[in-house]
Amino acid sequence: MTNLGTMDADGQAPLIVLLIDSDPKRAAIVQEGLQDRAVVQTANSLTSTELLFKINELQPDVIIIDCDSPDRDTIENLRAVARENPKPIVMFVEDGEGSLAREAVRAGVSAYIVDGLSKPRVFPVIEIAIERFKMVDGLWKELKKSQDDLETRKLIERAKGVLMEKRGMAEQAAYDAMRETSMTTGKPMKRVAEDILSVAELLDKV
Amino acid sequence: MPADALTIGFIPLCDAAPLAVAQEEGHFHDLGLDVTLKRERSWAAIRDNLAYGTLDAAHLLSPIVVASMLGVTATKTQFATAIGFNLNGNAITVSNDLYAEMREIDPWAFDARPVKARTLAEVARRRREAGSPPITFAMVFPYSSHNYLLRYWLSAWGVEPDKDIRIIVVPPPDMVDLCAAGDIDGFCVGEPWSTLAVHRGVGHQIVSGAEIWPAAPEKVLGVRAEWIEANNDVHQRLIRAIMRALNALKTDEGKDRAIDYLSSGKYIGLDKRDLSRSLGSAAEAGLAALFDPTVAGFPWHSKAGWTAHQMQRWKQADLAHLSAEGLQKAFRTDLYREAAKREGLRYPLVDSVIEGANSESWPLDNASTPIAMPADRFIDGRTFELEGPVLL
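Chains as they are written, first to last, in my numbering: chain P, 18 to 223; chain Z, 4 to 395.
FYI, nobody ran anything at the bench for these hints, they're computed from the structure. Check the hints yourself; a few may be wrong.
As the list claims (entries may be wrong) - Far from chain P, by Cβ distances over 10 Å, these chain Z residues were calculated:
{"hint": "1", "residue": "T57"}
{"hint": "2", "residue": "P176"}
{"hint": "3", "residue": "E287"}
{"hint": "4", "residue": "G384"}
Said to hold, decoys possible - With the C-beta cut set under 7 Å, the calculated list includes, among others, these residues of chain Z facing chain P:
{"hint": "5", "residue": "L34"}
{"hint": "6", "residue": "V172"}
{"hint": "7", "residue": "A288"}
{"hint": "8", "residue": "D295"}
C-beta: ideal position from N, C-alpha, C; glycine also.
Turn these sequences into a full structure, and let the hints steer you where they fit.
Pasting the structure below:
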């Protein structure tokens with residue numbers, strides 16, 4: 018939790034942002050990005066009723082929540098429970114900024130803001146959240162890609178070993194043969210390696 | 004010719020069955036559609052992803068289409084539908100504790116069907132006097148038949164939903180856990196989640212949605228209104244694939260196969276036993292959703308109009324925005340009929356009927372071939388008629 022206790026340039030109290038994200042790593046990254054802009058509180062693994070209590074207690078100006086969170090439906094109902102929580106909360110995408118809203122949804126961010134907050138105050142916070150979500154998404158993709166690359170390299174090494182052992186081929190020749198198969202059949206190297214390994218396994222059995 | 008690729012979103016519920024059947028039994032494929040089904044966690048996510056084009060179509064709450072027509076959804080996107088999935092399939096379940104409280108007040112409260120909400124008013128009064136928290140019921144989305152049916156049932160016995168009861172929103176798969184934890188006293192949800200509560204001993208299912216209104220519109224195939232303009236041919240094939248799936252779901256064998264598909268982790272991921280109480284050859288009548296391409300499939304204007312009236316009743320929307328033109332743009336009976344003709348299915352010639360006028364099955368003669376309509380009597384015996392000429 019970060020509390021800067023500072024005022025905005027225009028002398029207003031800082032925005033209070035409630036951040037709800039089931040992925041704690043992403044929550045931390047988003048929180049870090051927002052801390053110069055707002056007082057950020059996080060809420061994870063709360064039941065629907067606990068979440069309503071928390072919102073009531075914090076009275077946040079903005080709620081930032083990952084698009085896939087089931088808690089979104091709970092927040093959608095805030096207007097319906099206005100008796101208990103007199104702050105009107107509207108969905109960010111409601112105010113006609115179509116492209117920003119679309120970008121937010123595509124990045125996996127949804128935001129709910131209290132009706133009447135000025136755009137210049139709220140938009141930077143939303144923009145940072147979008148950037149951070151994209152960044153985390155990018156990190157995941159990179160990680161996934163490097164894992165895939167590593168796996169492919171391992172498979173190719175093993176397939177090469179099979180060709181060298183069973184066929185007496187030199188290392189470069191084995192690699193070139195696989196490369197050529199890949200190009201003539203249009204199969205990726207990973208598939209070629211897998212095919213060699215599965216055939217070798219089959220032949221070992223018979 | 005390469006197949007047209009589409010992404011369709013769904014929520015893990017029994018009434019996602021038409022999508023599962025169309026996918027698993029090749030109806031999409033047969034009509035040249037390469038469909039990816041994407042499971043979503045919340046109705047808000049379905050709505051936003053559909054609005055912003057991440058999804059081409061979706062398993063959608065019929066009232067979300069009505070809400071967009073009346074201009075009250077958060078995104079200003081206009082949704083539309085040309086085919087429904089089902090009527091009914093919901094139930095109201097109360098926790099063991101609330102069940103006991105109701106029984107203490109009226110030992111015969113659960114002996115006669117339908118169970119009356121009257122006892123709840125007394126529970127609410129006692130809790131107020133004791134300074135205890137109010138009775139908390141959960142439903143699945145502010146714009147949902149679950150919300151309106153729950154409120155209709157409560158109001159039919161003078162219980163005031165916004166005064167005597169607290170109604171909150173909880174996603175379907177979370178209902179059972181919250182009820183077990185004592186956070187909510189009851190809920191109105193689509194299957195299989197009521198059955199799961201019963202099977203786990205968490206609560207008692209006391210009313211089925213069909214007992215409140217046996218012809219309540221439920222899920223539809225939702226799309227963006229502007230998407231239809233640019234994709235009319237793909238949309239027609241999509242409607243026809245759903246019609247074929249709904250035809251398969253009319254038979255016991257088809258429903259039993261749907262249980263097999265839905266129980267897998269791809270769709271709902273629950274034991275077949277939890278699905279078979281409301282779906283398949285052994286389903287209980289009141290709890291089972293009605294799947295069929297004609298009565299459940301047709302995008303009735305009278306049902307959408309009833310929903311719009313409920314939205315006004317509970318101060319969600321203003322009926323001033325309800326118009327015949329709006330209904331025709333959102334509930335595409337014209338596109339339905341076009342697809343039904345190609346599939347050789349019978350179809351209604353009217354867009355609306357008087358809702359709630361029949362306590363028995365009845366014939367709709369104003370159709371390409373007469374259609375057997377189910378009983379549709381409301382629990383309070385009222386009828387609903389859209390303004391304007393209604394032909395029967």
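* Closest C-beta approach of Z/D295 to chain P relative to 7 Å, hint status -> 29 Å, violated
* **Reported absence of Z/P176 from the contact zone with chain P (all CB gaps over 10 Å)** => 7 Å, violated
* **Hint status (Cβ of Z/L34 to nearest Cβ of chain P, threshold 7 Å)** => 29 Å, violated
* Z/G384 and chain P, when compared Cβ to Cβ, separated by more than 10 Å -> 28 Å, holds
* **Status of the hint placing Z/V172 at chain P (closest C-beta pair under 7 Å)** => With Cβ-Cβ at 4 Å, under 7 Å, it holds.
* Report holds if the minimum CB distance from Z/E287 to chain P is greater than 10 Å, and violated otherwise. => Holds: least Cβ distance 27 Å, greater than 10 Å.
* Asked: Given Z/A288 was flagged as interface, is its beta-carbon under 7 Å from a beta-carbon of chain P?
  -> With a minimum Cβ separation of about 29 Å from chain P (threshold 7 Å), the hint on Z/A288 is violated.
* Against chain P, does Z/T57 keep a CB gap of more than 10 Å to every residue? -> At about 7 Å from chain P, Z/T57 fails to clear the 10 Å cut-off, so the statement is violated.
Figure legend: structure checked against the earlier numbered hints; hints not met, in rising order: 1, 2, 5, 7, 8.
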